[in-house]
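Heads up: the sequence lines are chains A and B, in that order.
All letters in the first sequence, in the order written, are residues 1 to 316 by the numbering used here.
All letters in the second sequence, in the order written, are residues 1 to 316 by the numbering used here.
Possibly wrong hints are sitting among the right ones.
Which copy is meant is left open, because identical chains are indistinguishable; a pair holds if it fits in one copy or across any two.
Claimed, not checked - Here are the computed lysine-lysine pairs in the DSS-like style, where the Cα-Cα straight-line distance is at most 25 Å:
id	residue 1	residue 2
1	LYS77	LYS16
2	LYS16	LYS179
3	LYS62	LYS277
4	LYS41	LYS281
5	LYS179	LYS237
6	LYS225	LYS54
7	LYS266	LYS29
8	LYS54	LYS276
9	LYS276	LYS225
10	LYS59	LYS208
11	LYS218	LYS266
12	LYS41	LYS59
13	LYS288	LYS77
14	LYS208	LYS25
15	LYS197	LYS54
16	LYS225	LYS62
17	LYS281	LYS77
18	LYS77	LYS35
19	LYS54	LYS25
20	LYS127	LYS179
21	LYS62	LYS127
22	LYS208	LYS77
23	LYS100	LYS288
No wet-lab data here; the hints were simulated from the structure.
Protein chains: 2
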Amino acid sequence: MRQVCFGIDIGGTAVKAGLFDAEGKLLDKWSFPTKRTEEGKDIVADAAEFINGKIAELKLQKENIIGIGVGIPGPVKDNGDVLELANLGHGYFNIAEEMKSRTGLNVKAGNDANVAALGELWQGGGKGYRNMVFVTLGTGVGGGIILNGSILAGSNGAGGEIGHILVNEEEMVTCGCGKRGCLEQYASATGIVRLAKNTLEESEEPSKLREADEISAKTVFDCAKEGDALAMAVVDKACHYLGIVFSHIAQVIDPEAFVIGGGVSKAGEILTENIKKHYNKYVMTTLKNKEFKLATLGNDAGIYGSAKMILSTIGR
Amino acid sequence: MRQVCFGIDIGGTAVKAGLFDAEGKLLDKWSFPTKRTEEGKDIVADAAEFINGKIAELKLQKENIIGIGVGIPGPVKDNGDVLELANLGHGYFNIAEEMKSRTGLNVKAGNDANVAALGELWQGGGKGYRNMVFVTLGTGVGGGIILNGSILAGSNGAGGEIGHILVNEEEMVTCGCGKRGCLEQYASATGIVRLAKNTLEESEEPSKLREADEISAKTVFDCAKEGDALAMAVVDKACHYLGIVFSHIAQVIDPEAFVIGGGVSKAGEILTENIKKHYNKYVMTTLKNKEFKLATLGNDAGIYGSAKMILSTIGR
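Next up, chain A with everything else stripped away, as it sits in the complex (with noise of 0.2 Å):
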């Protein structure tokens, strides 16, 4: 019988779980809402009780198990150890033994973020590339990076927290990271949504976004796409701090690509366009023309970054 294993990514609301060969491909997949009872203390064995359950409901063989992946919202240290889980309640624990002792199964954990920068890299937009920088634009701005093929998790399992990266020393407001300045408040689709109604107020410039009922991030790339010179000017703000901070990155660890996801994404290609641009103007000679893709896995790269780094656990 194929050898498989299971891929998983807890987020704040949802679980989501997948079932792989170990070739890769997904043979199945699960979404169930992340059990939030007492701060979160029940997710990790709520998910270790589907697992067991798909378990037996599939007839699998535990010898063919080779084990989980989990990807988890917040740092982990390459050995499983989780030191704050601000989203799931959870104190220092464990996740890949507490996960292990559930379902007698070899597990391997990560952060979220990085887990779907490694999906992205093996089965999505930063295929065939082994050094990577993913980015996330969402409700925050989530980063990962891939060395060599592996995720980068850093001393602290802090390793790729792009999105609270020091961009704008002279803002007022704070960042949910407690810190100010930091890129997620311009570049996640929150934060472009307050730089366009900044914009609005500051100026008496005509624009379609003065129509609009509610602003998004959405209506933000629609508008500039459309030529609206407001909302553009929106967008270049939002794409030259990414650009910024991109060139910062690449500066550290000179990767061969930038693969960005999350739902502000969605915009295509004017969004990796104008990044490239002010990326362009900031970093040194040998780090110009870096590849900039848009991400393929959407919300699938979670469980399939978490399936290829417990298969990486065996040299797959």
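Please arrange chain B on chain A, whose structure you already have, making use of the hints.
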């Protein structure tokens, strides 16, 4: 007979070479002027000839020589490919292959700052760490990053080029790299002198710096240590930019420690403490309180790192 290896550090004015045993003990070291004939095209041949001469003079048996590590002042890929070597006048070539063909020994090449970083990690200020950022504050600002004990070379050999990270978009003066507002323009020895001169010009504030015949980075730090307010403001500004760049690096790779070398680092704790103060303002909680150390190998960091680089190829 015991196994030995050579560590070479090719610089713009001098070539340093060291003979090491396999445990990392420096047995002997030499230095000679860099051969700058025909824009530097003979540098590698000259260094190879020097090594061949030493092998004959010391009656070393080739089977006892593990190989040669070489650090050069420019981007080098992992395989030894050199794309540009601004200060040494070479076009494209593979330094590892050229050196190997001239000596008959195994050769591994790396960028000088990256190699010095490895040296400091192995036998210097970074001893005991596996993930470290090394920064040299000299005529320029160089950087080297070590992850899991190995140099992060980057996809084009430009990993760790942190001296050219943008810190000030408003800068009007062009940096040596062709961009404007690079860290190097404020935190190198030259940059600190420039900051001091600008500050003196822009204010009427009394300062001991006004009495100096010639201002050097050392003068600035010495006056700051004596409590000179204007000198302290200059130090604070340089450390502010260093703190910001270190925060960017930490958000990207989450290292264990920062090790600071180069002439400016002779200022000592006034430098590390001041950088740390600024750094902690700009990083996420998980990344606060990293170690800030001073380099200890001085000009020998390069030969140590080169030796370690070739020893690593045989798993030492």
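Evaluation of the provided hints:
Taking CA atoms no more than 25 Å apart as the test, LYS77 paired with LYS16 passes inside one copy only; the shortest distance there is 21 Å, against 39 Å between copies. Neither within a single protomer nor between protomers do LYS16 and LYS179 lie at most 25 Å apart by alpha-carbon distance, with minima of 31 Å and 45 Å respectively. In this assembly of identical chains, the alpha carbons of LYS62 and LYS277 never lie at most 25 Å apart, being 51 Å within a copy and 52 Å across copies at closest. Proximity of LYS41 and LYS281 under a CA criterion of 25 Å is satisfied in neither setting, with 47 Å inside one chain copy and 32 Å between copies.
Proximity of LYS179 and LYS237 under a CA criterion of 25 Å is satisfied in both settings, with 20 Å inside one chain copy and 20 Å between copies. Within a single copy, LYS225 and LYS54 get their C-alpha atoms no closer than 46 Å, and across copies no closer than 67 Å, so neither meets the 25 Å cut-off. In the homo-oligomer, the alpha carbons of LYS266 and LYS29 lie at most 25 Å apart inside one protomer (23 Å), although the nearest pairing across protomers, at 59 Å, exceeds that limit. For a Cα distance limit of 25 Å, the shortest separation of LYS54 from LYS276 qualifies neither inside one copy, at 44 Å, nor across copies, at 50 Å.
When the C-alpha separation of LYS276 and LYS225 is checked against a cutoff of 25 Å, the pair qualifies only within one copy, where the shortest distance is 17 Å, while the shortest distance between copies is 44 Å. With identical chains, the CA atoms of LYS59 and LYS208 are never at most 25 Å apart, being 57 Å at best within one copy and 82 Å at best between copies. Taking identical chains as interchangeable, the C-alpha atoms of LYS218 and LYS266 lie at most 25 Å apart only when both belong to the same chain, with a minimum of 8 Å there against 53 Å between chains. Proximity of LYS41 to LYS59 under the C-alpha cut-off of 25 Å is found in neither arrangement, the shortest distances being 29 Å within a copy and 68 Å between copies.
Taking the shortest Cα distances, LYS288 and LYS77 sit within 25 Å of each other only across copies (16 Å), while inside one copy they are farther apart (32 Å). Taking identical chains as interchangeable, the C-alpha atoms of LYS208 and LYS25 are never at most 25 Å apart, the minima being 45 Å within one chain and 71 Å between chains. Neither within a single protomer nor between protomers do LYS197 and LYS54 lie at most 25 Å apart by alpha-carbon distance, with minima of 47 Å and 71 Å respectively. Proximity of LYS225 to LYS62 under the C-alpha cut-off of 25 Å is found in neither arrangement, the shortest distances being 52 Å within a copy and 66 Å between copies.
For the homomeric pair LYS281 and LYS77, the shortest alpha-carbon distance between copies (24 Å) is at most 25 Å, but the shortest distance inside one copy (35 Å) is not. Taking the closest pair of Cα atoms, LYS77 and LYS35 come within 25 Å of each other only inside a single copy of the chain (23 Å); across copies the shortest separation is 48 Å, beyond that limit. Proximity of LYS54 to LYS25 under the C-alpha cut-off of 25 Å is restricted to the intra-copy arrangement: shortest distance 18 Å within a copy versus 58 Å between copies. With identical chains, the CA atoms of LYS127 and LYS179 are never at most 25 Å apart, being 35 Å at best within one copy and 32 Å at best between copies.
In the homo-oligomer, the alpha carbons of LYS62 and LYS127 never lie at most 25 Å apart, since the shortest distance is 30 Å inside one protomer and 44 Å across protomers. In this homomeric assembly, LYS208 and LYS77 never come within 25 Å of each other (Cα to Cα): the closest approach is 47 Å inside a single copy and 50 Å across copies. Within a single copy, LYS100 and LYS288 get their C-alpha atoms no closer than 44 Å, and across copies no closer than 31 Å, so neither meets the 25 Å cut-off.
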